[in-house]
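There are 2 protein chains.
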Amino acid sequence: MSLIDLSKQIAIGIDIGGTNTKFGLVNHRGEILAKGSIKTEEYKEVEDFIDALYTNIKPLIDEASHNTTLDGIGVGAPNANYFKGTIELAPNLPWKGVVPFAELMKEKFGVPCKMTNDANAAALGEMMFGAARGMKDFIMITLGTGVGSGIISGGNLIYGHDGFAGELGHTIVKPGGRKHWSTGSEGSLEAYASATGIAITAKKFRAEFPDSMLNQYPEESINSKTVFECAEKGDPTAIEVFRYTGQKLGEALANFVMFSSPEAILLFGGVIKAGDFLLKPAKLHMERNLLPIFRSKVKLVFSELDEADAAILGASALVWENK
Amino acid sequence: MSLIDLSKQIAIGIDIGGTNTKFGLVNHRGEILAKGSIKTEEYKEVEDFIDALYTNIKPLIDEASHNTTLDGIGVGAPNANYFKGTIELAPNLPWKGVVPFAELMKEKFGVPCKMTNDANAAALGEMMFGAARGMKDFIMITLGTGVGSGIISGGNLIYGHDGFAGELGHTIVKPGGRKHWSTGSEGSLEAYASATGIAITAKKFRAEFPDSMLNQYPEESINSKTVFECAEKGDPTAIEVFRYTGQKLGEALANFVMFSSPEAILLFGGVIKAGDFLLKPAKLHMERNLLPIFRSKVKLVFSELDEADAAILGASALVWENK
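Top line first, the protein sequences correspond to chains A and B.
According to this note's numbering, the first sequence is numbered sequentially starting from 1.
According to this note's numbering, the second sequence is numbered sequentially starting from 1.
It cannot be assumed that every hint is accurate.
One copy or any two copies: either way a pair holds, since identical chains are not told apart in the list.
Lysine to aspartate or glutamate pairs mimicking EDC-like chemistry, simulated, CA-CA at most 20 Å apart [unchecked claim]: (1) 273 x 71; (2) 44 x 240; (3) 84 x 229; (4) 299 x 162; (5) 179 x 88; (6) 283 x 107; (7) 96 x 287; (8) 225 x 306; (9) 174 x 287; (10) 136 x 162; (11) 225 x 51; (12) 174 x 186; (13) 225 x 45; (14) 58 x 71; (15) 174 x 103; (16) 179 x 287; (17) 22 x 51; (18) 8 x 186; (19) 297 x 88; (20) 233 x 88; (21) 35 x 307.
It should be emphasised that the hints constitute simulated quantities derived from the structure, not laboratory data.
Predicted, not measured: the structure shown is a model, and the values here were computed from it.
Can you build the whole structure from these sequences, using the hints too?
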């Protein structure tokens, strides 16, 4: 018979990070059938890296293949270009220049390979398997070491003319504001709302308030986790760190809403562990800066995907995008 | 024979403004075959307004109809909802509440009617007939009494989940900045880069610089046109008005680029008569605030459409969108 049994189709999802690369076999229901990881930084040549991926993934495919079809490979990676299938000038990866990654993968594995940046992949994952199921217009914001984003409009990712759209972490929320440690821009969202930005804010605020619990930690322990611990114990300075961060985030979100009028904004990443300390001021300042026509309409929600699996699921969703 | 002769297909484009409503018969090449206008504000009931449109447009259709086919009607109007075909709570139009405008038009004219806001229509017009022919990713910014926008991504307008996407004039460029005379928001792009905003800036700056030529005009004559006259004569204060405006515009454009990574940004409307006085600082501050990956890639250009016809062309383009 010619009907395709969707439940038998699988994809490989690969999430390339500066330190680790995670991969998994995913089915159409978003179940990870098998997974593993290798150390990205151990492979100075991209060919060796791909050989190592093959050596690790092939046995998983073979094990699953007696009753499944491999549709393709999806890859989420920093500075990945969707249109060209390349990784371009990624500062945190060992391979320099423009790497034709998708082509090399296709040659090795014999199936199509699609790629995009990690936040775009996460947005696809949310749409296919997570909190954004059934939504056609939403924005995904990842709040981790940096701030990433993926924008879905009319059911499709916004790639832009060159494949690099959706760098919302680098939009300016405070002109002339805090200088970004890496890009040098002044007042970007990432400079405030990333884990790195929160640590900077916390160090600044604790110096101004000698009574703050934050002063009981050594300098190198100040991060969004320790700020959260102090906030939970009621430390006003720690609470103010998240309120300040939430205000900057909310102001940025208002601008994003007036751009693409999404049904929801999904927040994802380590920083969201701050919960309502961050979410409440973010929502307040988002609403406050919106035109009346947009107010009380946009859901601001946390991701439903397990953080450890989300990147793999998101990358695998790339295989089934627009199918 | 069954081939369709595109050159024989026509659409009606209607641009509804607070004072005047302009309409025209447009062919596939973007030629306006006939046009006219009525006074919007004379019709307190929307039914009377539509009757007047019919009375004025029907003879034009009849005259053209011996060798053409009318494909439909496209309408650009403030607060028009693309998905519902309604005009909703438009403060500058005589009809209150939610008006099912497209439905009423279809009943009267017997052809399909599509509508969207005026800036979105202008963007479609640029893509079909103007400077954006062949582009799939660009942003149209209209700088007039207010600041409007239409965003094209992957060849389609971004409508958002509710049809109201693309209100870039209301994004905040300076948190806590100039209070908007109508929305009450603080520091929006429109508060600085609209003709209204430029007049406010000019009045403020001329008070600070008693030597400025701008002080030779009575208060009510200060507008972007008189500021341009003074700038052309070399008045440093007038030049600074546009430089300041251009900086705010450029900072906003940088954020828009990092959202949808367009191939070009098209500027349109009365304010662009300021030419390089505005364009040069806008480009400088856009580039300055962009991530390196986006720099020197985005064209910043003025619209090629005749301003008097652009709104009609844009509205008519709605009929052929996605065809």
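Consistency of the hints with the structure:
1. Taking identical chains as interchangeable, the C-alpha atoms of residue 273 and residue 71 are never at most 20 Å apart, the minima being 35 Å within one chain and 54 Å between chains.
2. Taking the shortest Cα distances, residue 44 and residue 240 never come within 20 Å of each other, neither inside one copy (43 Å) nor across copies (52 Å).
3. Taking the shortest alpha-carbon separations for residue 84 and residue 229, neither the intra-copy value of 44 Å nor the inter-copy value of 48 Å comes in at or below 20 Å.
4. Proximity of residue 299 and residue 162 under a CA criterion of 20 Å is satisfied inter-copy only: 13 Å between copies versus 30 Å inside one chain copy.
5. In this homomeric assembly, residue 179 and residue 88 never come within 20 Å of each other (Cα to Cα): the closest approach is 25 Å inside a single copy and 42 Å across copies.
6. For the homomeric pair residue 283 and residue 107, neither the shortest alpha-carbon distance inside one copy (47 Å) nor that between copies (43 Å) is at most 20 Å.
7. For the identical chains of this complex, residue 96 and residue 287 are neighbours neither inside a copy (43 Å) nor across copies (25 Å), given an alpha-carbon limit of 20 Å.
8. Taking the shortest alpha-carbon separations for residue 225 and residue 306, only the intra-copy value of 18 Å comes in at or below 20 Å, while the best inter-copy value is 57 Å.
9. Taking CA atoms no more than 20 Å apart as the test, residue 174 paired with residue 287 passes in both settings, with 18 Å inside one copy and 17 Å between copies.
10. With identical chains, the CA atoms of residue 136 and residue 162 are at most 20 Å apart between copies only, with a shortest distance of 11 Å across copies and 22 Å within one.
11. Taking the closest pair of Cα atoms, residue 225 and residue 51 never come within 20 Å of each other, the shortest separation being 37 Å inside a single copy and 66 Å across copies.
12. Both within a single protomer and between protomers do residue 174 and residue 186 lie at most 20 Å apart by alpha-carbon distance, with minima of 8 Å and 13 Å respectively.
13. Proximity of residue 225 and residue 45 under a CA criterion of 20 Å is satisfied in neither setting, with 36 Å inside one chain copy and 60 Å between copies.
14. For the homomeric pair residue 58 and residue 71, the shortest alpha-carbon distance inside one copy (14 Å) is at most 20 Å, but the shortest distance between copies (56 Å) is not.
15. Within a single copy, residue 174 and residue 103 get their C-alpha atoms no closer than 41 Å, and across copies no closer than 44 Å, so neither meets the 20 Å cut-off.
16. For the identical chains of this complex, residue 179 and residue 287 are inter-copy neighbours only, at 16 Å across copies versus 27 Å inside a copy, given an alpha-carbon limit of 20 Å.
17. In this assembly of identical chains, residue 22 and residue 51 lie within 20 Å of each other by CA distance solely inside one copy; the values are 15 Å within and 65 Å between copies.
18. For the homomeric pair residue 8 and residue 186, neither the shortest alpha-carbon distance inside one copy (50 Å) nor that between copies (55 Å) is at most 20 Å.
19. In the homo-oligomer, the alpha carbons of residue 297 and residue 88 lie at most 20 Å apart only across protomers (16 Å), although the nearest pairing inside one protomer, at 38 Å, exceeds that limit.
20. Neither within a single protomer nor between protomers do residue 233 and residue 88 lie at most 20 Å apart by alpha-carbon distance, with minima of 44 Å and 48 Å respectively.
21. In this homomeric assembly, residue 35 and residue 307 come within 20 Å of each other (Cα to Cα) only inside a single copy, at 14 Å, whereas the closest approach across copies is 59 Å.
Against the hints set out earlier in the document, violations occur for numbers 1, 2, 3, 5, 6, 7, 11, 13, 15, 18 and 20.
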